[in-house]
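Build out the structure end to end from the sequences listed, making use of the hints.
One letter stands for each residue in the lines below.
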Amino acid sequence: MSAILDHLPEFWQGLIVTLQLTAASFAGAAVMGLVITAMRVSPVGVLRGIGTAYVETFQNLPLLVLLVLAVFGLPEIGIKAGLLETAIVVIALYEAAYIAEALRSGVNAVSAGQGEAARALGLTFSQSLRHVILPQALRTVIQPLGNVFIALTMNTSLAAAVGVVDLTAAANRVNLMEAQPIPIFVGAGLAYALIAACAGFVTGRLERRLVMVR
Amino acid sequence: MVSMKRMAAVAAVSMIGLSACSGTDSGSPAVPGEAKGGDLLAKAPVAAAADILPGSTMEKIKQRGELIVGGSLDAPLLSQQNPTTGEVEGFDADMGKALAKYIIGEPKVKIVNSASETREALLSNGTVDVVFQTYTITPERAEQVAFAGPYYSSGLTLAVRKGTSGIAKPEDLNGKTVIAGANTPAIPAIKKLAPQAKIVTFGSDPECMQALKQERGDAYVQDETLLIANAQKDPSIQVVGQPFTTDPYGIGLKHGDDQFKKFVNDWLKKTQAAGLWQQTWKNSIGTVVQGEAPAPPQIGSVPGS
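In the order they appear, the protein sequences are chains A and B.
Mind the numbering: the first sequence is residues 1 to 214 in full-length UniProt numbering, read in order.
Mind the numbering: the second sequence is residues 1 to 305 in full-length UniProt numbering, read in order.
Hints were generated in silico from the structure; no laboratory data involved.
Ideal Cβ positions, reconstructed from N, Cα and C, are used throughout, including at glycine.
Treat the hints with care, since some could be wrong.
Counterexamples of contact, computed for chain B against chain A with all Cβ distances above 10 Å [to be verified]:
1) Ala47
2) Glu66
3) Lys169
Cut-off 30 Å, straight-line C-alpha distance, at most; resulting in silico cross-link-like pairs (DSSO-like, lysine-lysine) [to be verified]:
4) Lys110/B - Lys80/A
5) Lys62/B - Lys80/A
6) Lys191/B - Lys80/A
7) Lys80/A - Lys198/B
8) Lys80/A - Lys269/B
Just the calculated beta-carbon pair ranges, DEER-fashion [unchecked claim]:
9) Val65/A - Phe244/B: 35 to 41 Å
10) Ala193/A - Thr127/B: 40 to 46 Å
11) Thr127/B - Pro62/A: 24 to 30 Å
12) Val65/A - Thr127/B: 25 to 31 Å
13) Ser42/A - Thr127/B: 40 to 46 Å
14) Pro235/B - Ala81/A: 24 to 30 Å
15) Ala193/A - Gln63/B: 51 to 57 Å
16) Phe244/B - Gln13/A: 25 to 31 Å
17) Asn174/B - Ala81/A: 23 to 29 Å
18) Ala81/A - Gly175/B: 54 to 60 Å
19) Asn174/B - Leu210/A: 49 to 55 Å
20) Gly256/B - Leu210/A: 56 to 62 Å
Next comes the structure, spelled out in structure tokens:
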């Protein structure tokens, strides 16, 4: 136990970095995912193709591969950013594919009549998406989005492999000195579980408030 | 437009990084010279039947017919898998094989690629019999595991890009960004000697080297042997100064198994007395470090051993 208590500042610092990674990459993934979804349901064939290609590409590559590629590969072509920033962008791009899939399932759940009605009113594609389809779609996918958020939180631990000192890396460093992997990693695991539990609680509340009874 | 050449470079570099992650280095073998482990092991001693006490750990290993070693597959000169033969070569690997021969009569080992953060757990739950993995003996670790040895003494030193000025000793690292292997003794050592240094860590030695060359840090702190081997392969980096720490490597054993610890220490003494230790050193670390084999450290000379 003292192995954890003696190193609370390190754990705290690591937790802050994990929260930064999670919040920033989820925000980025949400924006990107929305764009991809709009492309996938758009009437323009090329955009649909790009959207599909994006989702298929990122869902079929391991995140660690992407992280290593971005951190060690991009500097070779002259693109070098900070480690934390690189990790945020890569995780956001990766998770956007999952958010896009969750949103698309929401769009599919909106009945076709809604879209037809919107068009009959004279709304353009983007207007009907913004005012009719997406608000309904979002309400049906709160729980799936919460799950993506939780998965994203866990995935941020991979950033430790490319030099970001997050909660996982902090636990590794403390363990190097204290040599007590069980209490240290159980402690770090509990911190991740706590973040996930908070996310689950929030999505549960939101869902109950916003759910649409059909 | 990104030229094909650049794309190829990205792909190649990412392969280096990826192979480093998976632990099998597909590049040229870092161990210069050919492995002579074979005839060395032929000379390695085998324990007398009376030494394999009934009910002991050694008897269990002998009956299993295989020594399970916690080790690395990507540490040049110490424990690295040769991509062409699949054999794991280096000082730690050969010592492990010699210990297996001493117990079983044949150098049969199975290497479990143990990460630094799992070694204590792997030993205490019995997944591995011994750990040969540049395992520095410290009093904190000795509370969790037992250490035979020390069987080798090493030290940390600095590598920089060729042409870097102003870094000659660890104190010069204050205010600089320093690269270190994740979970290596380099991290506490830097914190102690250069508290104002910013430490960036990567999972493996090839990744740290890549990060140094890509200017993600001003210096790379690592075991001297590894750095000399790296500098020989890659002329764009250089090793500066002398080792500034003493890291006594021990053979990790399950805590409290005094019988097995004594057995392993006895083997170590025999190996050293027969000159086999020195020959193993010459075959691995001695291929990059000049001069004769050093005197092996005194067994039990370090707190925790």
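Verification of the hints:
Even its closest Cβ contact with chain A, about 30 Å, leaves Ala47/B beyond 10 Å, as expected for a residue assigned away from the interface. The Cβ of Glu66/B sits about 25 Å from the closest Cβ of chain A, beyond the 10 Å cut-off, so the non-interface label holds. The beta carbon of Lys169/B sits about 23 Å from the closest Cβ of chain A, which is more than 10 Å, so the claim that it is off the interface holds. Annotation: proposed proximity of Lys110/B to Lys80/A is violated, straight-line Cα distance about 41 Å (limit 30 Å).
Taking the CA atoms of Lys62/B and Lys80/A, the gap is near 53 Å; set against the 30 Å cutoff, the hint is violated. A C-alpha spacing of about 26 Å is found between Lys191/B and Lys80/A, which places the hinted pair at or below 30 Å, so the restraint holds. In summary, the hint linking Lys80/A to Lys198/B is supported, as the alpha carbons are separated by about 18 Å, within the 30 Å threshold. Proximity of Lys80/A to Lys269/B is assessed by CA-CA distance (about 51 Å); at most 30 Å being required, the pair is judged violated.
One distance hint, 35 to 41 Å for the beta-carbon pair Val65/A and Phe244/B, holds here, with the actual separation near 36 Å. Remark: the range hint 40 to 46 Å for Ala193/A to Thr127/B is contradicted by a beta-carbon distance near 25 Å. A beta carbon spacing of about 25 Å between Thr127/B and Pro62/A agrees with the range 24 to 30 Å that was offered as a hint. Between Val65/A and Thr127/B the CB atoms are about 28 Å apart, so this pair conforms to the stated range of 25 to 31 Å.
As the Cβ distance of Ser42/A to Thr127/B is approximately 53 Å, the hint placing it in 40 to 46 Å is violated. Remark: the range hint 24 to 30 Å for Pro235/B to Ala81/A is upheld by a beta-carbon distance near 28 Å. Between Ala193/A and Gln63/B the CB atoms are about 42 Å apart, so this pair departs from the stated range of 51 to 57 Å. The supplied range of 25 to 31 Å is met by Phe244/B and Gln13/A, whose beta-carbon atoms lie about 27 Å from each other.
A C-beta distance of roughly 25 Å is found between Asn174/B and Ala81/A, which places it inside the suggested range of 23 to 29 Å. In this structure, Ala81/A and Gly175/B break the distance hint of 54 to 60 Å, their C-beta atoms being roughly 22 Å apart. Taking 49 to 55 Å as the suggested C-beta distance range, the pair Asn174/B and Leu210/A conforms, at roughly 54 Å. Our hint of 56 to 62 Å for Gly256/B and Leu210/A holds, since their Cβ atoms are close to 58 Å apart.
Hints 4, 5, 8, 10, 13, 15 and 18 from the earlier list are contradicted by this structure; the remaining hints agree with it.
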